[in-house]
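S.K.: Listed below are the residues making up each chain.
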Amino acid sequence: MAEVLVVTSGKGGVGKTTSTAALGAALAQTGQSVCVVDFDVGLRNLDLVMGAERRVVYDLINVVQGDANLNQALIRDKRVDSLSLLPASQTRDKDALTAEGVERVINELKNRFDWIICDSPAGIERGAYFAMRHADLAVIVTNPEVSSVRDSDRIIGLLDSKTEKAERGEVMEKLLLLTRYSPERAERGDMLKVDDVLEILSIGLLGIIPESPEVLKASNLGSPVTLANPISAPARAYLDAARRLRGESVPMTVPSDRKGFLGNLFGRRAA
Amino acid sequence: MSVLKFFTRRSSAPAARERLQLLLAHERAVFGRTDLVAVLQDEILAVIAKHVAIDPEKVRVKMDRQDTFATLEVDIEIRSPANGALKMAG
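Residue numbers (numbering that gives the first Met the number 0), protein chains in the order written: chain W, 0 to 270; chain F, 0 to 89.
Isolated chain W, as found in the complex (with noise of 0.2 Å):
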């Protein structure tokens, strides 16, 4: 049975487009069918953080209004090939979605993938709306940062009351993936701490992505972070993400990027 993903967060430049790029191909990298969805109509960056920014032809917008079928606008990752991309369109206005489009891609989606994976625009309009519409399950991206926890704390309001799930009168599940996160600066007492997010927000925890350079260096080359560098710290703390999404227990840690002799020496300092 497919399972129906948001990654979602109120605030936009917390890591939405980055966590579901990471997530979708981390479950993709564990045999996994993972479909990822943009839905920031006329902002699309999925496919650019994917590096399938010369290989989009048509988009959801073309599905959804009937113009091309879903054949035509998937878009296969060429290192997994389990992982595609439904690119959003760049051009046409917000209001090209419709309830009955989206519903008929999703279902349609659900039959072919084990897992959909919705990258939500950041707001509380109507991308962010059909985005969560038909989850499962949602993914809060948040920053340990008042206006960050803030937002997050609107949109579970709005998985609550908005979504087919709450709707039907069933409660949505919903994740916290805390990134950006420095344990160092959240020991200092200069950084919300893991505990303190997950007590205001009040939701489980599905993950914590260290603050690394890593993360803008995988954007940079056009790849997912566990598939750019596997090994890296916020890299393993996706894959461990990734695998508590499909059942298994793995226990919370904050993995740190291994440091040479140098680096011990130096990185001591500032912990």
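In short, the hints are calculated from the structure, not lab data. Mixed in with the good hints, there may be bad ones.
As the list claims (entries may be wrong) - Here are the simulated EDC-like cross-link-like pairs (lysine to aspartate or glutamate), alpha carbons at most 20 Å apart as the crow flies:
1) W:Lys161 with F:Glu17
2) W:Lys10 with F:Glu26
3) W:Lys161 with F:Glu42
Claimed, not checked - Residues from chain F that face chain W, not an exhaustive set, calculated with beta carbons under 8 Å:
4) Ser10
5) Ser11
6) Ala12
7) Pro13
8) Ala15
9) Arg16
10) Arg18
11) Leu19
12) Gln20
13) Leu22
14) Leu23
Using N, Cα and C, we set each Cβ at its ideal position, and we do this for glycine too.
Position chain F relative to chain W; hints supplied.
M.R.: Positioned in the frame of chain W, the structure of chain F alone reads:
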């Protein structure tokens, strides 16, 4: 001075935590952890539409929060009865 600052440095995370807890408690009371304004709009519309013909596009529901109270403003345009639009259902 800088040495003194170093020793008396207060961490900022507890402040973030307290501010968020206060703010979100207030916001959840107002929004009820659901989009209260949208819920109110739907339900108010449904009640009024039972009795009066209204255009859903010409309805505006707004909530403003002050320090000690919140105001709910509902602005509904009803077509003039002269055109026969105002019909009481009951």
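S.K.: For the hint on Leu22 (chain F), just tell me whether its beta-carbon gets within less than 8 Å of chain W.
M.R.: Holds, about 7 Å.
S.K.: Less than 8 Å between beta-carbons is the criterion; does Ala15 (chain F) satisfy it with respect to chain W?
M.R.: Given a least distance of 5 Å, the restraint on Ala15 (chain F) holds.
S.K.: Tell me if the interface restraint on Pro13 (chain F) is satisfied: Cβ within less than 8 Å of some Cβ in chain W.
M.R.: 7 Å, holds
S.K.: Please verify whether Lys161 (chain W) and Glu17 (chain F) have alpha carbons no more than 20 Å apart.
M.R.: Violated, at roughly 29 Å.
S.K.: Let's test the interface hint: is any C-beta of chain W closer than 8 Å to that of Ser11 (chain F)?
M.R.: 5 Å, holds
S.K.: For a C-alpha distance cap of 20 Å, please report whether Lys161 (chain W) and Glu42 (chain F) respect it.
M.R.: 15 Å, holds
S.K.: Could you check if Arg16 (chain F) really has its C-beta closer than 8 Å to a C-beta on chain W?
M.R.: 5 Å, holds
S.K.: Going by Cβ atoms only, is Leu19 (chain F) closer than 8 Å to chain W?
M.R.: Nearest chain W Cβ about 5 Å off; hint holds.
S.K.: Is the interface hint for Gln20 (chain F) satisfied, with its Cβ closer than 8 Å to some Cβ of chain W?
M.R.: Cβ of Gln20 (chain F) sits 6 Å from chain W, so the hint holds.
S.K.: Sort out whether Glu26 (chain F) lies within 20 Å of Lys10 (chain W), counting only the CA atoms.
M.R.: Holds - the C-alpha atoms of Glu26 (chain F) and Lys10 (chain W) are around 17 Å apart, at most 20 Å.
S.K.: Would the stated hint for Ala12 (chain F) survive a check requiring a Cβ distance to chain W of less than 8 Å?
M.R.: 5 Å, holds
S.K.: Answer holds if the nearest beta-carbon of chain W is closer than 8 Å to that of Arg18 (chain F); otherwise answer violated.
M.R.: Because about 6 Å separates Arg18 (chain F) from the closest Cβ in chain W, which is inside the 8 Å limit, the hint holds.
Checked against the numbered hints above, the structure violates only hint 1.
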